[in-house]
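J.: Protein chains in written order, with full-length UniProt numbering: chain A, 1 to 292; chain B, 1 to 242.
Simulated from the structure, these hints should not be mistaken for laboratory data.
There's no promise every hint is true.
To be verified - Which chain A residues face chain B? A few, computed with CB under 7 Å, are given here:
id, residue
1, ALA179
2, VAL185
3, ASN188
4, ILE192
5, GLY257
Note that the coordinates shown come from a computational prediction; the quantities given were computed from them, not determined experimentally.
C-beta atoms are modelled at their ideal positions from N, C-alpha and C, and glycine is treated no differently.
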Amino acid sequence: MEQIIQTLILGIALGGVFALMGSGLSLVFGVMRIVNLAHPSLIIAGAYVTYWGFRLWGIDPLVMLPVAAVVLAGIGVLLYKLVFEREARSAKYSEMTVLLTFATAMIVEGALGFMFTNTQRVTSPGYATDAIFIGNVFIPMGQLYAGIVSLVIIGALAAFLKYSRFGNAIRATTQNRDAAELLGVNVNLVGIMSFAIGIGLAGAAGALVSFVFSFFPAKHWEWVAVLMSLVVLGGMGSILGTVLASFLLSIIAAFVGVWFGSTWSTMTFFLALFLILLVRPQGLFGEKPELA
Amino acid sequence: MGELLEVTNLTAGYGDGPSILDGAHLSVEPGKVHCIIGPNGAGKSTLLKAICGMLKIRQGDVKFNGQSLKGLRPDQILRKGICFVPQERALFPKMTVRENLRMGGYSLDDRSGLERSIDEIEERFPILKERRDQHAGTMSGGQQQTLSMARTLIIKPAIVMLDEPSLGLAPKIVQEMFDIMKMMASEGITILLVEQNALMGLKNSDWGVVLDLGRTLFKGPAPEVLADPRIQELYLGGKKAA
Ligand SMILES: Nc1ncnc2c1ncn2[C@@H]1O[C@H](COP(=O)(O)OP(=O)(O)OP(=O)(O)O)[C@@H](O)[C@H]1O
Ligand SMILES: [Mg+2]
Chain A
1 MEQIIQTLIL GIALGGVFAL MGSGLSLVFG VMRIVNLAHP SLIIAGAYVT
51 YWGFRLWGID PLVMLPVAAV VLAGIGVLLY KLVFEREARS AKYSEMTVLL
101 TFATAMIVEG ALGFMFTNTQ RVTSPGYATD AIFIGNVFIP MGQLYAGIVS
151 LVIIGALAAF LKYSRFGNAI RATTQNRDAA ELLGVNVNLV GIMSFAIGIG
201 LAGAAGALVS FVFSFFPAKH WEWVAVLMSL VVLGGMGSIL GTVLASFLLS
251 IIAAFVGVWF GSTWSTMTFF LALFLILLVR PQGLFGEKPE LA
Chain B
1 MGELLEVTNL TAGYGDGPSI LDGAHLSVEP GKVHCIIGPN GAGKSTLLKA
51 ICGMLKIRQG DVKFNGQSLK GLRPDQILRK GICFVPQERA LFPKMTVREN
101 LRMGGYSLDD RSGLERSIDE IEERFPILKE RRDQHAGTMS GGQQQTLSMA
151 RTLIIKPAIV MLDEPSLGLA PKIVQEMFDI MKMMASEGIT ILLVEQNALM
201 GLKNSDWGVV LDLGRTLFKG PAPEVLADPR IQELYLGGKK AA
């Protein structure tokens, strides 16, 4: 029983972080129909921003989080302006964006490796290695903080999308781009902002990742399939779906890890991606496969 | 004569493709219902898209109150008071009815005035009030069309362009849509209607415009167009019984 609760807690904590990692990806896909393969590499970039803030000046990763978010949001705007804006009018938009995001991932990885070497890093604030015990069940503080902060950020994002004027414009553009434009929404601005927010979320996730996992520039490859499985299971572009999928798969992965060993734990996400695409390509909540 | 909207010798098409419209003319009179008819692929929808700025004007001109709309974006044209309800109805299926109405007023700066206008519209269309918190995509076709049309009223438009509002609706519901349209016209809103069902469309309109192969063939008072033997033969042929 204790073992089950323990595993559940670890799964939930990790689920929160994955939810934040996936929600930025989901937002960008929803608005721009771009499967951003560079998203995980940008999360790593956010982790490096946080790492150096901590290592050089001793700034707490949670304080570095907004800094990483803003830096990455800026990079997001640049990426949009330099790479994706002109592609938006191309007839081969989908194919092009897959190649371009792949190339972007390689460039980000290369740049990070060049600047910071391929050494494994981790930020180590005191709480990263702390745990609280409730009976025999332990809750690692680092993961607990990361999970809570993730949920707060996702909650703020959801409220912004639901209740603000511009958030409504983003949702409207996701659901029907032409209609939004006809009603006076500047869809290009929505594209820029969704990139800024989506990549900014990657930065924020990176700040959390920096003390939950150890990382190095090429680490993002492991996450591409993990994040894809979350976004696909969530129904491509649905942020709520992505969040629920994150918890579901993380909890399953935690149990798989306990029962079959940690290699299989990661395999959970790959297998899930494969199975979802075969059995229910529209995801948990999607109505129809949009990537037909 | 003071035309509200004047389309002259308009040429337009999609992307780098061929010109779909080639020499379209149209003069639109204030407060009247104009019905554009023509066979499939004639360019009726294309004409409305060119007027609202979704397509680039290649040649010719579109003038609103004497000012050219050439080169303006859809949002700029909307702010001048020209609303377009496309064939696909342009709703946001996973937003609530109320949120859809609010998006209709996205171009307005007066936010509290907007909430009041939405309340007014809910009073006029009780079904929208009843369904306000429901996702638009879960409503019936007629309700969705009602929402699309009611939504245009929020910006107090000068011209509303409706592309096949009857599409996929039962005949009884179709008449309801035409009634809403005529009510809008009676309030001084100018209507540009595209109808596949020429007979129904013309019966509910003041003017008839016949478009084929991207050019205007004919414009006249709707009853005259209805009675014209050429039109009878070309477009109303199989529907005499109605
Ligand atoms: N998005 C598009 N891209 C390229 N060509 C298009 C597009 N939409 C329409 N066309 C072409 O433009 C021509 C006119 O189409 P349009 O939709 O204006 O006709 P319509 O008169 O509205 O017909 P319908 O009664 O079928 O709605 C057709 O030949 C069509 O193939
Ligand atoms: Mg059409």
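J.: Would you mind marking each hint as holding or not holding in the structure?
T.: How the hints compare with the structure:
no.	hint	in the structure
1	ALA179	3 Å, holds
2	VAL185	6 Å, holds
3	ASN188	10 Å, violated
4	ILE192	16 Å, violated
5	GLY257	35 Å, violated
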